[in-house]
Amino acid sequence: MRYYTTVSALAVLFLFPLLWSGWASMEEPGNYLEMARFGEGLGTYLTNSALVSAMTVAGTLTVSALGGYAFARFDFPGKNLLFLVTLAILMVPYATILIPLYVLLGHIGLQNSLVGLSLVFVMFQLPFALFMMRNAFEAIPRELEEAAMVDGCGTFRAFARILLHAVRPALVTVGLFAFLASWNDFFAPLILLNDGASFTLPVAVVSMTQQTFGAIDYGMLQAGVMVMALPCLILFLVLQRHYVRGFMSGALRG
Amino acid sequence: MSVTLDRPPREIARGSTPSPPPWWRGRKAQGWLYATPTALIVGVLFVVPLILVVWMSLHRWPLLGGATFNAPDNYTKITDNPLFLDSVFFTLKYTVIVTVLLSATALGLALLVQERRPGVGFFRTAFFLPGAVGFAAAALLFYGMLNNDFGPIDPILQTLGITDEPVKWIGSPDAALFSTIALVLWRFAGFNMLILLTGLQAIPVEVYEAARSDGANRWQIFTRITLPLLRPTIALMLILSVTGSLLAFDQFFIFTNGGPDNSTVSMVMVVYREAFFRFDLGGAAAISVVLLLALVALNVLQMRVLRRSQ
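Protein chains in written order, with this note's numbering: chain A, -10 to 243; chain B, 4 to 313.
None of these hints come from the bench; they were simulated from the model. We treat Cβ as the ideally placed atom computed from N, Cα and C, and that holds for glycine. Among the hints, a few may not be true.
[Claimed, not checked] Some chain A residues near chain B, calculated using beta-carbon distances under 8 Å:
1) Leu4
2) Tyr21
3) Met80
4) Gln200
[Said to hold, decoys possible] Coverage of chain B stretches by chain A, computed from C-beta distances (three or more under 8 Å per stretch; other residues unrestricted):
5) 189 to 200
6) 219 to 229
7) 286 to 298
Okay, chain B solo, but in the shape it has when bound (with noise of 0.2 Å):
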């Protein structure tokens, strides 16, 4: 009797035992069987990769020939890489530079485009579409925009008294870095703006109501309720700005080079230069590995501040 008990009554009505179904048409079987693509991508092009960064940055590892084990000369050698030093300074300031500007840029065009009013549609996909264009395109076309000979904006500039002679837009230090800033924002401002869209648009209706009948004025609204409810996506937008200007790599490859005299080089072009110029893959390789630690740390420090400002 307690043998049948346990039976699913409809199968004792039938008086036949269901027969256990064939491996693969298990649950866990078939699981496995949809997921098998993605772990087979996962498995072989990241963690595979992973592990072999590490594993290529304790040993000489020359672009062609065979690799010796070296360890930790690869580490220790970049200290001693005065290029890599300067790379991280200047790294770092265009990565506050950029961070500061993007944002403010990117908040001052949510709060222009957050209402809905006539036309506001256009604008938002105004100011979004340099960010469909690529990233390598948008670099060069301010590559041909600011040039003395052939770009409009030396002769707007002169025409309308700003300056009077053409400007090296990318021929000095400062002015790469000012030309540098000026394409990110201009491919990116948008971008950036969208991400705060949807988080001011979050912010309930009855909030700001229920301010303004307490007589809250414009900017007593603003920065006693947008700025607190919108800090989340305000944290969200600054990781993102933050770790890509940190990984900033295609405009200055393409716009600047790393010139004029190296004063453009960012961390990853001297991982690129390293491995492509000095055909040095360990040492671009222990580069990569210091990197990649700092930026997951950095990563980790972000998503706790994240988490406790939500």
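Chain A on its own, in the form it takes in the complex (with noise of 0.2 Å):
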């Protein structure tokens, strides 16, 4: 019973701010509906966000599948030269290099673009996908793409119809790892995009605090709160499977 109480104690106490403010926020209908209405308006930034956050999960699997295919099955020059390269960006400080991709992404083209940002994040994602990727693609037998070869595919025909489908969990969790950071990161937004227009709901919301006139509305602060959390809480909990596989491929970044 002892337990119990402990366990239960602790639990509340992880819970309540989460239950506060999802209350919090609901406390003056107004909330959400002056949420709606700040800045440059909650569509803005929920597109921005949603597009940012499928075209990293979409990049981040394309390429992360078709790297960790060749990984896992091909030989070719520079192989291992090229996976160490890409398991040192685990080694580099997020922090560090954002500056010179300010400035790269300037240069070609890409500054304050949401396609830029996209970019930077499969970047950074790209050493636990491949990784993810290529033990997925070894765990799979060599005999059921000879089998398909021997029928008449080519590698690509076999890539695309047989061993995609056979990764499949592997994709799910590369996908939910790079939904989650790309949804949610706020440094390289805030470094990358410079106009109101262009900003993820993260630098949108925060920008709420920053107001130079009048009071924060916190309520509408929490409102705000809720529509970055919620969708982040419910894929948790439908692909919280899918999640610990990432934590115990022992592939993990903070």
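Put the two chains together into one complex; each comes in its own frame, and the hints tell you how they fit.
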């Protein structure tokens, strides 16, 4: 009994802020309406965030599936070097290369661009994603694709028609991590986007706290928190198994 | 005769010479084709910026306008920047406190929900759930929750008789650090708990059974079996906590904005301010390079320790 009292008290402590935020956001019915009208409008920020996340997930899945297949099944010159350099992304602090990325994206016409931001997110997801996908492809018996090739498939058809289905759990895990990272990240969009109309949700909602005149509307702020948090909470609850699988694979990043 | 011997028997039977496949059908070329997107992303968005940050650190590089070579000014300037020196001390202090508290909390939680019993899945999820919330959203949540007029924390504490007036949660340096740590614990304890749980589950049940049949009590089992066998996992958690804390930005930018009186300015915040408030990208790049070298050195050191402990 003492056990359940302890863990229940702790669970209340951990769930309380979320419940409070939900309650505070709904205390006044106008909170969500006001938040929806803030700045460029909720529609703009939601669209930007959704676009960035969709592009990041699609990009990460495509690049890491192709790359993972290459690393699991082919030998090619420079293979080990490329894999090591990709893993080195984990060693280099995120914050230290955002300033040169800001300059670089300016030079290739992708500054203040949602596409540029998504590409940066894909890069940061790549070590984890590539590692997961390589292991997933390696776990598939070679006989599976050999059988397909005997039936006349080229490697690409074997890859697209058969192998991709076999690694679906890994794709879901990689996609989930890519979504959470890109939807929630604050620092990269803060630096790489400089026009209110291209802000993602976190940057837009933080800017609510930096209004220079008038008091901060805390109810509206909590409505913003809920809009940001709910998709992640739901997705996590539905795909918990895949999240833990990502952890178990030993390749994780805070 | 010797020529035909080199051929596989099947082809001799067919009596035909296989034409070499076109270059794009070769295994090597195909491997490269599949790896090209990876190479492009890594090359353009990682290797180039890595070189560029060093290049920028050797130049006077204003936010707008041309760059001029000025090495090693950006580096010598770093030590003259009192804000940076303060931020180093502050960030180190923050890192030590967070790492100790976070590890202890995570270990406590992991031990609590380690065994299978009814309802344990719910508790694991409850502890982890804040980890699914974005860090920026979590910071804004605490920003409201700790507000003296709006948040529930002051009324609760006063009702319980713990405090008799609203606390300046982010208004004084010590309280601001304390509040930030509370936020970080809430957001990351479950995450670290999950890391430890994977380690705990890797310990074979037989080891525990053997210890128990030898008459070991709970404390002995914890200190002599669980902790030593968990060492690699704990080391991994410490690495993630230390590197994460040294790079702290979101919590201070959103939550305290570096205040009060620049008492909570982290190292990465200085990089940001140099670049986008003082418009000095070269100076920001130089600090970035120093941070990068320090963290890579730390990572290498930690990996050595980790490998030895395995």
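Hints and how they fare:
The closest approach between the C-beta of leucine 4 of chain A and any C-beta of chain B is roughly 6 Å, which is under the 8 Å cut-off, so the hint is satisfied. Among the interface hints, the one on tyrosine 21 of chain A is violated; its C-beta lies about 15 Å from the nearest C-beta in chain B, farther than the 8 Å criterion. The restraint placing methionine 80 of chain A at the interface with chain B holds, with a minimum CB-CB distance near 5 Å, inside the 8 Å limit. Because the closest C-beta pair between glutamine 200 of chain A and chain B is about 13 Å apart, greater than 8 Å, the hint is violated.
Only when three residues or more bring their CB closer than 8 Å to a CB of chain A does the claim for the stretch 189 to 200 of chain B stand; here the count is 7, and the claim holds. Judged by the Cβ-Cβ criterion of 8 Å, the stretch 219 to 229 of chain B is not covered by chain A as claimed, because only 0 of its residues qualify and three are needed. Beta-carbon proximity to chain A at under 8 Å applies to 7 residues in the stretch 286 to 298 of chain B; the threshold of 3 is reached and the given coverage holds.
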